[in-house]
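**Student:** The primary structure of each chain is shown beneath.
Protein chains: 4
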Amino acid sequence: MAKEELIDLAMTRDPRGVVIQRVGIKDLHIPLQIKKRDNGFQEVLGNVTLGVELPHKYRGTHMSRLVEIVSQWSRKPLGGHDVRLILDQVRNKLKADQAHITVKFKYFISKKAPVSKSVSALDYDCEFTGNLSNEGFDFILGVEVPIATVCPCSKEISKYGAHNQRGVIRARIRYEKGKFYWIEDLIEQLETLGSHELYPMLKRIDEKYVTEHGYENPKFIEDVLRDAVVMFRANEHISWFEVECETFESIHNHSVYAYQQECLKQPKLR
Amino acid sequence: MAKEELIDLAMTRDPRGVVIQRVGIKDLHIPLQIKKRDNGFQEVLGNVTLGVELPHKYRGTHMSRLVEIVSQWSRKPLGGHDVRLILDQVRNKLKADQAHITVKFKYFISKKAPVSKSVSALDYDCEFTGNLSNEGFDFILGVEVPIATVCPCSKEISKYGAHNQRGVIRARIRYEKGKFYWIEDLIEQLETLGSHELYPMLKRIDEKYVTEHGYENPKFIEDVLRDAVVMFRANEHISWFEVECETFESIHNHSVYAYQQECLKQPKLR
Amino acid sequence: MAKEELIDLAMTRDPRGVVIQRVGIKDLHIPLQIKKRDNGFQEVLGNVTLGVELPHKYRGTHMSRLVEIVSQWSRKPLGGHDVRLILDQVRNKLKADQAHITVKFKYFISKKAPVSKSVSALDYDCEFTGNLSNEGFDFILGVEVPIATVCPCSKEISKYGAHNQRGVIRARIRYEKGKFYWIEDLIEQLETLGSHELYPMLKRIDEKYVTEHGYENPKFIEDVLRDAVVMFRANEHISWFEVECETFESIHNHSVYAYQQECLKQPKLR
Amino acid sequence: MAKEELIDLAMTRDPRGVVIQRVGIKDLHIPLQIKKRDNGFQEVLGNVTLGVELPHKYRGTHMSRLVEIVSQWSRKPLGGHDVRLILDQVRNKLKADQAHITVKFKYFISKKAPVSKSVSALDYDCEFTGNLSNEGFDFILGVEVPIATVCPCSKEISKYGAHNQRGVIRARIRYEKGKFYWIEDLIEQLETLGSHELYPMLKRIDEKYVTEHGYENPKFIEDVLRDAVVMFRANEHISWFEVECETFESIHNHSVYAYQQECLKQPKLR
Numbered sequence: 001m002a003k004e005e006l007i008d009l010a011m012t013r014d015p016r017g018v019v020i021q022r023v024g025i026k027d028l029h030i031p032l033q034i035k036k037r038d039n040g041f042q043e044v045l046g047n048v049t050l051g052v053e054l055p056h057k058y059r060g061t062h063m064s065r066l067v068e069i070v071s072q073w074s075r076k077p078l079g080g081h082d083v084r085l086i087l088d089q090v091r092n093k094l095k096a097d098q099a100h101i102t103v104k105f106k107y108f109i110s111k112k113a114p115v116s117k118s119v120s121a122l123d124y125d126c127e128f129t130g131n132l133s134n135e136g137f138d139f140i141l142g143v144e145v146p147i148a149t150v151c152p153c154s155k156e157i158s159k160y161g162a163h164n165q166r167g168v169i170r171a172r173i174r175y176e177k178g179k180f181y182w183i184e185d186l187i188e189q190l191e192t193l194g195s196h197e198l199y200p201m202l203k204r205i206d207e208k209y210v211t212e213h214g215y216e217n218p219k220f221i222e223d224v225l226r227d228a229v230v231m232f233r234a235n236e237h238i239s240w241f242e243v244e245c246e247t248f249e250s251i252h253n254h255s256v257y258a259y260q261q262e263c264l265k266q267p268k269l270r
Numbered sequence: 001m002a003k004e005e006l007i008d009l010a011m012t013r014d015p016r017g018v019v020i021q022r023v024g025i026k027d028l029h030i031p032l033q034i035k036k037r038d039n040g041f042q043e044v045l046g047n048v049t050l051g052v053e054l055p056h057k058y059r060g061t062h063m064s065r066l067v068e069i070v071s072q073w074s075r076k077p078l079g080g081h082d083v084r085l086i087l088d089q090v091r092n093k094l095k096a097d098q099a100h101i102t103v104k105f106k107y108f109i110s111k112k113a114p115v116s117k118s119v120s121a122l123d124y125d126c127e128f129t130g131n132l133s134n135e136g137f138d139f140i141l142g143v144e145v146p147i148a149t150v151c152p153c154s155k156e157i158s159k160y161g162a163h164n165q166r167g168v169i170r171a172r173i174r175y176e177k178g179k180f181y182w183i184e185d186l187i188e189q190l191e192t193l194g195s196h197e198l199y200p201m202l203k204r205i206d207e208k209y210v211t212e213h214g215y216e217n218p219k220f221i222e223d224v225l226r227d228a229v230v231m232f233r234a235n236e237h238i239s240w241f242e243v244e245c246e247t248f249e250s251i252h253n254h255s256v257y258a259y260q261q262e263c264l265k266q267p268k269l270r
Numbered sequence: 001m002a003k004e005e006l007i008d009l010a011m012t013r014d015p016r017g018v019v020i021q022r023v024g025i026k027d028l029h030i031p032l033q034i035k036k037r038d039n040g041f042q043e044v045l046g047n048v049t050l051g052v053e054l055p056h057k058y059r060g061t062h063m064s065r066l067v068e069i070v071s072q073w074s075r076k077p078l079g080g081h082d083v084r085l086i087l088d089q090v091r092n093k094l095k096a097d098q099a100h101i102t103v104k105f106k107y108f109i110s111k112k113a114p115v116s117k118s119v120s121a122l123d124y125d126c127e128f129t130g131n132l133s134n135e136g137f138d139f140i141l142g143v144e145v146p147i148a149t150v151c152p153c154s155k156e157i158s159k160y161g162a163h164n165q166r167g168v169i170r171a172r173i174r175y176e177k178g179k180f181y182w183i184e185d186l187i188e189q190l191e192t193l194g195s196h197e198l199y200p201m202l203k204r205i206d207e208k209y210v211t212e213h214g215y216e217n218p219k220f221i222e223d224v225l226r227d228a229v230v231m232f233r234a235n236e237h238i239s240w241f242e243v244e245c246e247t248f249e250s251i252h253n254h255s256v257y258a259y260q261q262e263c264l265k266q267p268k269l270r
Numbered sequence: 001m002a003k004e005e006l007i008d009l010a011m012t013r014d015p016r017g018v019v020i021q022r023v024g025i026k027d028l029h030i031p032l033q034i035k036k037r038d039n040g041f042q043e044v045l046g047n048v049t050l051g052v053e054l055p056h057k058y059r060g061t062h063m064s065r066l067v068e069i070v071s072q073w074s075r076k077p078l079g080g081h082d083v084r085l086i087l088d089q090v091r092n093k094l095k096a097d098q099a100h101i102t103v104k105f106k107y108f109i110s111k112k113a114p115v116s117k118s119v120s121a122l123d124y125d126c127e128f129t130g131n132l133s134n135e136g137f138d139f140i141l142g143v144e145v146p147i148a149t150v151c152p153c154s155k156e157i158s159k160y161g162a163h164n165q166r167g168v169i170r171a172r173i174r175y176e177k178g179k180f181y182w183i184e185d186l187i188e189q190l191e192t193l194g195s196h197e198l199y200p201m202l203k204r205i206d207e208k209y210v211t212e213h214g215y216e217n218p219k220f221i222e223d224v225l226r227d228a229v230v231m232f233r234a235n236e237h238i239s240w241f242e243v244e245c246e247t248f249e250s251i252h253n254h255s256v257y258a259y260q261q262e263c264l265k266q267p268k269l270r
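Protein chains in written order, with our numbering: chain A, 1 to 270; chain B, 1 to 270; chain C, 1 to 270; chain D, 1 to 270.
Looking at chain A on its own, in the form it has when it is part of the complex (with noise of 0.2 angstroms):
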């Protein structure tokens, strides 16, 4: 049987007259380029939803349309200019109005150990999503910077010694209209903001320096996220902000966590 006698039943009408907000394709893995802001591109391991809006209309969408574009970025670099443009093609190609993508992978920065300067790499989860629709292009990018924090509290009422623990800072932001804003420039910003960073590699003396960095500058969840906050809002570049705190508390099987979200500016999509 010929491919072009098979029967389109995603083509069909549908009578319920429900328009979808979205449908398509999810944890779709994929290799991709991302920039990076010294200078080349770094490899790496890319998780992809793609839906679009479906029109009451139509039964159904092209499943494998969705693939097909998505896979022509293959080792290929994408920036927030080719998010845009997987979004435009994919608009065209399902004629549909809105279209919507979220990448998530997990990106790779260089620490100099603070004292011994030894190098080593830090992963990063991070996450860009893009809305294009009539009405503009939204992008927002999305980073996971692991952090430590010793406890105030601890600190305080404590003979010696102070709790610690591991944490992370989630952060996601909308660029201010022609703004831009490396991966790079967001982590390092919010890896300070714990009592300490944290680093792959340390030696005996980095070890000293970080464990006495950190027992000097304690932090509750609310001293991070607070400061968190007040960075966001200085930020020219930017014009929306979440960003979630949790910590994994070492004295307690759960965890606290802090949350905000503030819109900075009116957004003005692209």
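Simulated from the structure, these hints should not be mistaken for laboratory data.
Among the hints, a few may not be true.
If several chains are the same, the list does not tell them apart, and a pair holds so long as it fits within one copy or across any two.
[To be verified] Under the rule of at most 27 angstroms between Cα atoms (straight-line distance), these lysine-lysine pairs were calculated in the DSS-like manner:
no. : residue 1 : residue 2
1   : K159      : K104
2   : K159      : K179
3   : K93       : K179
4   : K76       : K111
5   : K106      : K35
6   : K36       : K57
7   : K111      : K265
8   : K117      : K159
These numbers were taken from a predicted model, which means no experiment stands behind them.
Chain A is fixed; fit chains B, C and D onto it per the hints.
**Tutor:** Chains B, C and D only, in chain A's frame:
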């Protein structure tokens, strides 16, 4: 050193002028009782996240009081009314304008196999979300219902057979003011929306029925979502819903999904 | 078509001549009762994997009978004796030489805060593993105990403070013939092996104690593991153990771990 | 304080007399290059666990040296030979009798759709495990291959249709001395064992083929496992294998599984 003499750093004044929208405890496990539709209670394993708004003047909140309040509900019934009671206590004890809670748990419902009528209990992930502020009380019920879909396109174009797979409907609803909706009712409505239902125990005579019934009711993920939307729009007990369907395609290594969120009536907080 | 007329493909002869070591059901959820040391039972959420050896002559096993047998234990007590009963039934009903089960569940134990004596319940992941064959019955108890470690090196080389973090001891033991060991006993022994214990609820006076106690008891992961090994070797109730310690380092974004497995006595199956 | 003056607590004598079988780092992420069968290398995201045996006399190992050694392979080719080189370095630098490594990564292989011949890349979870001691070098290759199964019983007893679902074959093999086996070869062999293969991109003409081909090749999980066992037994390159098949049943909310492990030849370590 007496307890009273230990300084309470959380209560010191904070200079940053930032009201924190939500701060608290996360992923605390506790056994709870959930009221069943027929009668009695079901003991479940709860996962609790509980947070408060923190005024700008205080440096921190009192995490241990949040644990203390939740712990009172250990092995006790927890319904929408109790969710409100918890948030009330939290607001009072922590002098907070807003309080927010999420409780996740796995809930069992007995199912009869379609032909043999053998009884077994299927598990569903459920969630209560509550928010209490000066503007009133907001409650959301969430359920995850496993389904199966038989692909209409695959059935239509193939000489025989049709690919099918497990999937899930994740739905969250806001009750209309003064209305109530049982977990069982919501789940029973949603699990009819796939091509066929799932059961822990099926005899061969049931497997025959389920297979044939599924083949007679092929459904795209778009069909499942639209049927859910139509069902929610017609439901007078509901003022808002959010629904995501996802199927773990048997011909791909990725999922397909469909998503909708609709406000059916202006929210009237209780 | 009557049930009896439906062909049972599983019972057809298989030509490949391969005895399957284990085949069955996995990740079936069921509520269970676990006997407590003090008295009474605790209701838990069980996750069951149950399999049998399949003789070379049969093409398949009867999965629905496995579900049927397990379902009889729904909301009923499940101890080592019941594990054996289940495996006995499985062997009989499925005419299998061997049967194997794993049951995972979260178990709560009440803990008193060290100074205020406030009571709250901490959750522990536990596991029963049973195997029954012509050679006898084998039973393994597994527990995961959250701990905290204060780094001795960091304390030693730093002017003040010491990095610390949450970790976990994952231990599995085989009882010596005729001996018995409570979950509570095993957990209580293991949770003293970290620098300090974890609690759901701590008042400031407790936090002071825990912090100072941890600082006074710094432990490498090697120390925790060795103390566990020494403890197990001295335990007459145990004929075999496996233990893994892992700590979620607060100065790194990776874990450190230590692992040991020892057969203390020749296994005598019951 | 100079680096040299910092005491090295790990090297202090330990009084407990316990040789630790394995201690080291876990879940360290690092980008790596994997050699492809056709030619060239594929960059992957690696997850590394690396440990050593610790003599009874030392209190601790040097975790930072483990990180240092692994970091040298960042963005460099990693094959079986390199795994051995890493373990050699680890043994030398840490004066350890034994060293052990596990490297997990997602690997892409291009697949042609069965009729349209459209090309897209499917992702597979893979794993290298290496062990080096005075007795020699042991290497294990592990892969996870997604499959689909169409139920023979459901097909046999139903008027039309048959339930089917996604599943996975998790296989680990030891090479026979002096033999070698490509990841691609192992995956290609295993993925023919389901009812049909999976593809990221399928046109309708392919979906028709895949559906019909699956319906013509119904397989119990027992069939998949036995075919894998027969295949491994006939493979001269392999001295040992372990295989688990699991399918995510579309008529149940649990999985079914089958497991086998066989030593085909006496191990001769390299």
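**Student:** Take the hints in turn and mark each one as holding or not.
**Tutor:** Here's how the hints hold up against the structure:
1. For a Cα distance limit of 27 angstroms, the shortest separation of K159 from K104 qualifies neither inside one copy, at 44 angstroms, nor across copies, at 39 angstroms.
2. For the homomeric pair K159 and K179, neither the shortest alpha-carbon distance inside one copy (49 angstroms) nor that between copies (44 angstroms) is at most 27 angstroms.
3. For a Cα distance limit of 27 angstroms, the shortest separation of K93 from K179 qualifies neither inside one copy, at 29 angstroms, nor across copies, at 44 angstroms.
4. Taking identical chains as interchangeable, the C-alpha atoms of K76 and K111 lie at most 27 angstroms apart whether they share a chain (26 angstroms) or sit on different chains (19 angstroms).
5. When the C-alpha separation of K106 and K35 is checked against a cutoff of 27 angstroms, the pair qualifies both within a copy, at 13 angstroms, and between copies, at 22 angstroms.
6. With identical chains, the CA atoms of K36 and K57 are never at most 27 angstroms apart, being 44 angstroms at best within one copy and 41 angstroms at best between copies.
7. In this assembly of identical chains, the alpha carbons of K111 and K265 never lie at most 27 angstroms apart, being 33 angstroms within a copy and 47 angstroms across copies at closest.
8. For the identical chains of this complex, K117 and K159 are inter-copy neighbours only, at 21 angstroms across copies versus 33 angstroms inside a copy, given an alpha-carbon limit of 27 angstroms.
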